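A.B. asks: Here are the chains, one letter per residue:
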Amino acid sequence: MSSRFSSSRFRALALLLFALNLSAAELRVCSDPNNLPFSNQREEGFENKLARLIARDLGAKVTYYWWAQRRGFVRNTLGAEKCDVIMGVPSSFELALTTRPYYRSGYVFVTRRDRRLDINSLDDPRLRRLKVGVQIIGDDYASSPPAHALANRGITENIVGYSVYGDYSKDSPPRRIVDAVAKREVDLSAVWGPTAGYFARKSSVPLVLTRFTPEIDLPFLPFVFDISMAVRRGDTALRDRLDRIIMRRRAEIDAILREYGVPRMDDFGDEP
Amino acid sequence: MRCDKRLAIITIVFTIACDMPEQPSQPAGVAKHAGSGKAIIPPAAAAPEDGQWVRVQKDHANTRFSGLQQINLSNIDQLKAVTTFSTGMVRGHEATPLVIGDTMYLVTPFPNVLFALDLKEPGGATKWVYRPDPDPAAQGVACCDVVNRGAAYGDGKVIINTLDNHTIAVNAATGEEVWNTKLGDINRGETMTMAPLVVKDKVLVGNSGGEMGVRGWMTALDLKSGKIVWRAYSTGPDNEVLIGPRFKPFYPMDQGRDLGVKSWPPDAWKIGGGTVWGWISYDPESNLIFYGTGNPGPWNAEQRPGDNKWTSALFARDADTGEAVWAYQLVPHDVFDYDSVNESILLDLELGGRKRKVLVRPERNGYVYVIDRLTGEVLSANPFGHINSSFGVDLKTGRVRENKTKEPKMGRVVRDICPAAPGTKDWQPSAFSPRTGLIYITHQNLCMDFEGVEANYIAGTPFVGANVKMYPGPGGHRGEVTAWDPVAGRAVWKIRENFPVWSGALATAGDLVFYGTMDGWAKAIDARTGTERWKFKVGSGIIAPPMTYRGPDGKQYIAFLSGVGGWAGAIVAGDLDPRDATAALGFANAMADLKKATTRGGMLYVFSL
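First to last, the protein sequences are chains A and B.
Following the working numbering, the residues of the first sequence are numbered contiguously, the last one being 274.
Following the working numbering, the residues of the second sequence are numbered contiguously, the last one being 630.
Isolated chain A (complex conformation) (with noise of 0.2 Å):
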């Protein structure tokens, strides 16, 4: 009974915390403009659905500030206040506090299903010889995992780099990579799992999603990833909220990612 109580006083001092902090019970969210299947400007994305959904559940409304999402981005939206929520970084991110994890996802191998190459693990010796399509960075100081995990194995000669960036003039930049194995520009490409599941789904030509093995490569190279919501380091009070409606909506969470075709390489969500 008392637990109730303070409870649901706790409910509505956070309500009102909320009210005065969010001005007129807004969600603000930074947001890329032109990044399918995560977000778009016409709010098509899984985060803009989620950013909806939690919306809801605090009875405020959404308001976006659109930012490309590169390097800046938090320094530019969050850093200087333009917002007060991100809808998915890595769990580990350090440039923001994070919420609990919303899902896990992973890199996977994208191939034409009338391949029927089969390949999970990166230590597949075809992988040597077939074309391979990896996300690349640019001069960065980073790769993508798969990228980094391949050089690691000497597999150099047989790569294709696709620019995460992608041509921001058109629409959902990142999709290039998957459309080079339906188009056999390459035998396989190796991809962030919500890309390549979102971006198979839409292809003409049937394409299958391969989890591989390992998940790690050591020393620490993870092909896996949690990924959260982000907040400004200090804002607990907010990541506090958004971690209660991750628990209270998990189903409506998961039904989000899945018609959005997210691989899960957690217990709530399909596998790929």
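Fair warning: there could be bad hints in the mix.
[To be verified] Some chain B residues close to chain A (C-beta under 7 Å, calculated; not the full set):
no., residue
1, N208
2, G210
3, E323
4, P326
5, D339
6, G486
[Said to hold, decoys possible] Quick look at which bits of chain A chain B covers, simulated, 3 or more residues with Cβ under 8 Å:
no., region
7, 27-33
8, 62-73
9, 86-93
10, 144-151
11, 179-187
12, 192-201
[Claimed, not checked] Simulated restraints, written as ranges between beta carbons of each label pair:
no., chain 1, residue 1, chain 2, residue 2, range
13, A, K204, B, T426, 46 to 54 Å
14, B, K283, A, R155, 46 to 54 Å
15, A, N122, B, K291, 50 to 58 Å
16, B, E472, A, K185, 34 to 42 Å
17, B, T426, A, D126, 54 to 62 Å
In short, the hints are calculated from the structure, not lab data.
This one's a predicted model, so the numbers in the text were calculated from it and none came from an experiment.
Where a beta carbon is used, it is the ideal one built from N, C-alpha and C, also for glycine.
Could you slot chain B onto chain A? The hints should help.
C.D. replies: Same frame as chain A, now just chain B:
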């Protein structure tokens, strides 16, 4: 599994040396004298001393030397601020102003506003303002700070590059746009930050954006119309690099067909970098232009086995046709982020009793290269800072002798790599005085550790990279001014500075050298001894090379543009959180104390006696 292990891209954490002297401007060197031999500016590449400052480099030789001597060692203590002008912008100001006739031209960082100031009016009244209104999205997709390194002038037009890849010519008298040519696509990560160079009837420009996987190029535009005359890519097949029958590189490593393709895994050259965001020199006698290219991508060098030509390389090209006459890859298969975009200073030297036509390059990898500018032969390559990432340059093969134990590798901890990623010297241009025979190099003294990985993300995609920590090199200071004797191939004296010296330098016939510090001191030193002779505290840190001119009143003026920023100063210009280990590729963390030393804001300061 839960990814609760911390992984990072690049965390350049700076260990602040607390025991550093406040103003460590003491020359500390072997001997306090001028150059040992004869070094002159090639007459054809020198600028007549007419009191103007027509190009940011002063002359085609890139010396940043002025023949004006009204302000000199005997009266420098009387130098006073006479005029200031606010640009109204807060990002990094790297552009040296131009003075043509009675007008000063000043281009700002994004949104790249061009101001014309009437020097006849007291206080320099604004004559006109040209606003190119670049695409605001350019800020979001641009790498690094949104800097601009200056305007160019020719045929009655002032020419600027905008961050969103337009080269624009403006009527110098009226401020009206004459032509406007789009050269690259911001939507593919391309930007433009370098200063154009006018050579005869052409404007030469290059692109930026290696961090985004952009393929580098140099483009010549017709000065009259703005039409593209030629474009030379830095990677790819010979016909796109403009390598043809005239191409005669000095070293066997640079000889062969289509090396811009063959020295990469298939197709990797298409995203290989080699952008052209630095300085161009021009030798009218040989009709050659000289410029260096940026480093290769992607960052993980194991993804790109091979020399990765023509990244981190030096090109000599025919100024009219763009044909490559020779090339020399300064850093084959770069693994440290050592771009080769630094200035080539054209000099005629007496070396070993022979007159040599050379170019001198204080390179990011820590060596001052003296190169025969007609053949591409390296005559000497001596260190001007602390280096352990390599063991010198083999003059027989032209190759850097790499220290494999310092090579960053994913998942391996590598400590004490010197110089750090910004190199012993970054873009900030040196100056040369023919009166002392010395080159004045403003630079860094930084080392770094590579360790661990951290998860980050771009466009919704998690990725991992190296975790880097930067810290001061031997001595505990982060910046230096080195007076370099190009004939003897050694430093004559050095000045230590607390922060990296990101301003570049100006040398004058008054035997003074001017430079600025990131904490906002405009300084003048004795060109022969390095003794500090004058200083003035400006509002914001200085990262633009100073210049000098003779005003309509016949007096000599010195101009400093202050406005901290750039890679080194992004922590202030971008108002970054010092706790953001990954901000500005980590350099922000390296400069955590800069926020206490200066604040942002673009302001021009003009000094005279």
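A.B. asks: All the hints need checking, so say for each whether the structure fits it.
C.D. replies: Hints and how they fare:
1. N208: holds, 4 Å
2. G210: holds, 6 Å
3. E323: OK, holds: E323 (chain B) within 7 Å of chain A, min 4 Å.
4. P326: holds, 5 Å
5. D339: It is violated, given that the least Cβ distance between D339 (chain B) and chain A is near 29 Å, above 7 Å.
6. G486: holds, 3 Å
7. 27-33: violated (count 0)
8. 62-73: Since 5 is at least three, the answer is holds.
9. 86-93: holds (count 4)
10. 144-151: holds (count 6)
11. 179-187: violated (count 0)
12. 192-201: holds (count 3)
13. A:K204 with B:T426: 46 to 54 Å: 48 Å Cβ-Cβ, so the 46 to 54 Å window holds.
14. B:K283 with A:R155: 46 to 54 Å: Given about 23 Å between the Cβ atoms, the range is violated.
15. A:N122 with B:K291: 50 to 58 Å: violated, 30 Å
16. B:E472 with A:K185: 34 to 42 Å: holds, 40 Å
17. B:T426 with A:D126: 54 to 62 Å: violated, 33 Å
Comparing the model with each numbered hint stated earlier shows that hints 5, 7, 11, 14, 15, 17 do not hold.
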